[in-house]
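S.K.: One-letter residues, chain by chain:
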Amino acid sequence: MSFLLEIAWTHVSSRIRQTFIGVLGVATGVGFTIMLAGLMQGGQKDIIHMLVDTMPHVTVTDERISTADQPAEQFYGASQAANLVAVARRSGITNPSQVISAIQPWLPGSIAPSVKISAMINLSQERIGVKLTGIDPRQEEHVSKLVDKMREGQLSDLNRAPNAVIIGEALAKKLGARVGSNVTISTGQGISISGPVVGIFQFGVRDMDEGQIYALIRTAQVLVAQPTLINEIHVRLNDALAARDVASQIEGQTGYRSVSWQEANADLLSVFKVRELITMLVMAAMLLASTFAIYSIISTITNEKRHDIAIMKSLGIKERLVRLIFIIESVMIGTVGVLAGSALGYFLCLAMGQITFTNPFTGSKEPVPVYLTITDYALVALLSLICCAAAALLPSWKATRVHPVDIIRGAS
Amino acid sequence: MTPTALQTVGLVRRVEGEVSTTLVDGIDLEVKEGEFVAITGPSGSGKSSLLYLLGLLDAPTEGELYIGGQATSRLSDSQRADLRLSTLGFVFQFHFLLPEFPALNNVLLPMRALGRLSPAAMRAKAVALLDSLGLKEAVNKLPSQLSGGQRQRVALARALANDPQILIADEPTGNLDSVSTDQVFSILRDVARQNRTVVVVTHDLGLAARADRTIRIVDGKIAEQSCGPHTTG
Chain A
1 MSFLLEIAWT HVSSRIRQTF IGVLGVATGV GFTIMLAGLM QGGQKDIIHM LVDTMPHVTV
61 TDERISTADQ PAEQFYGASQ AANLVAVARR SGITNPSQVI SAIQPWLPGS IAPSVKISAM
121 INLSQERIGV KLTGIDPRQE EHVSKLVDKM REGQLSDLNR APNAVIIGEA LAKKLGARVG
181 SNVTISTGQG ISISGPVVGI FQFGVRDMDE GQIYALIRTA QVLVAQPTLI NEIHVRLNDA
241 LAARDVASQI EGQTGYRSVS WQEANADLLS VFKVRELITM LVMAAMLLAS TFAIYSIIST
301 ITNEKRHDIA IMKSLGIKER LVRLIFIIES VMIGTVGVLA GSALGYFLCL AMGQITFTNP
361 FTGSKEPVPV YLTITDYALV ALLSLICCAA AALLPSWKAT RVHPVDIIRG AS
Chain B
1001 MTPTALQTVG LVRRVEGEVS TTLVDGIDLE VKEGEFVAIT GPSGSGKSSL LYLLGLLDAP
1061 TEGELYIGGQ ATSRLSDSQR ADLRLSTLGF VFQFHFLLPE FPALNNVLLP MRALGRLSPA
1121 AMRAKAVALL DSLGLKEAVN KLPSQLSGGQ RQRVALARAL ANDPQILIAD EPTGNLDSVS
1181 TDQVFSILRD VARQNRTVVV VTHDLGLAAR ADRTIRIVDG KIAEQSCGPH TTG
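Read top to bottom, the protein sequences are chains A and B. Each residue of the first sequence is one higher than the one before, starting from 1 at the first, in our numbering. Each residue of the second sequence is one higher than the one before, starting from 1001 at the first, in our numbering.
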């Protein structure tokens, strides 16, 4: 085996220019593939972080996943009911404290009740439809990143004035409101209240910053004239990726429909899958293109080495061993190319991370998100080496099929 | 009785094409161990084709070749390669040394492929072999730094590296001057004296006369056989 390595090394080291071109081809392919992977992952992670930050990991709604217990079941040991459908009317979660107490002991995270209603907010002539979420500020800070997203005021300021609200920055701009402005909130039930804006937040997500406001739970209950209403329970987990499992566990335990953040954003996540596939294909094409450089070099070497191949075969060195020489050469060039490409990819990612763009919605300067793990490097390197080895298969196979006698006769 | 090293029975090599050409036409031949046989004949007579068949570089269309009593027609490519590596040594008109490797590494190549000896033993043997062929100074020289005669002697050393029982040489002196030619033939003669079989194709009838037996091939057939001065019976 060592003599094969020695021959292979001699071939590649005595052809510096060709070897350099091969290394350059592989390095370019690997470097840009790594950069592309970093950008793709960075972009996705950025969006996912945004999703995970702006919404509860699991939202327990007041929608029943099965019909409620029937009265007959309460009075008789056995009963049968047919053609039952879940009641469409959703009057909130029955006995929310009990539901929370049942979940809390095993839940790997925090939990908070809330009321979600639709409302209109107006200031002067501006009247805008919004989602109002009634929260308990002390509990909410454990289940959302709202506290971190406050630009002005604090969550606890909701307690400082009756009917106080916290609104998004974009909404405040639309309304012309600021902290201290008095706004009017009204609902479809014909109830209307006035209260001050005590805080302004910015998530950097249009839906949230333009269409979401927060008030105390009590305020929301007044607006729908249901003084005990709790229609959502928000859950934040220590591990956001466990949301699907936790949601189904809560659903099974409480009978209330529980939605994980992944389920709530299934459309977006499925778009990611398509995007991922496209990016993978582009990366594969880049790697493949870089291996053409290897193919070309190995073809040239095998062509130049026809005499050597013939003599090695005539000496009795097996065809597969001769073929292995050229595959080793390809892997040698590939290995150097992969190492150089990994460094190139790393610096390209660093350079990309320095580029900033202006978020058209928030107006803030944000860096291009880039994210790479050592696994990504390893994966690209492995794929590239496999491609390099594969690129040598055809030319080495063709070259070693040569009949020694044909070469020997030709040379004599 | 001296054992047989090589034997052919009705050996035929035909090349099919628009016009079928018979390169070797039914040759029956027996070469003893330690025998030095020269094959002569006009250009295109089939002597090299016969040599390639004897060296397992080519396969006969018909007939059988026995090497050390073993029939070879049914051997796989891999088995033929093994047999070439362990039993046969080749020298060609063109030296075919690997150009990027010094003389020593060229001689080491078949030894390393066979892997019978330790690296140190291989190296010692290769150096000794080169030394015995008058190439002590050429051990670390590239083929391009050697004269034609030296290259051919390195090729000879490589052919002898695995102590082959049969040495096959195709016009080994075809590109050499008279001094080098004489040297190479003397070496081949010495190899035969070590009870190894040597089969040489040559145009040089003077050199052929130094062999134990000369076989003249014409049109792919043995036209004439004669014993040389070294024949011992």
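Treat the hints as calculated values from the structure; they're not laboratory data. The model shown is predicted, which means the values in this text are computed figures rather than measured ones. A hint or two may mislead.
Claimed, not checked - A few chain B residues facing chain A, derived, Cβ under 7 Å:
| no. | residue |
| --- | --- |
| 1 | Tyr1052 |
| 2 | Leu1057 |
| 3 | Leu1085 |
| 4 | Arg1112 |
| 5 | Arg1116 |
| 6 | Cys1227 |
The C-beta atom is built at its ideal place from N, Cα and C for all residues, glycine as well.
S.K.: Where does the structure disagree with the numbered hints, that is, which hint numbers, in rising order?
M.R.: Checked against the structure, the hints that fail are numbers 5 and 6, while the rest are satisfied.
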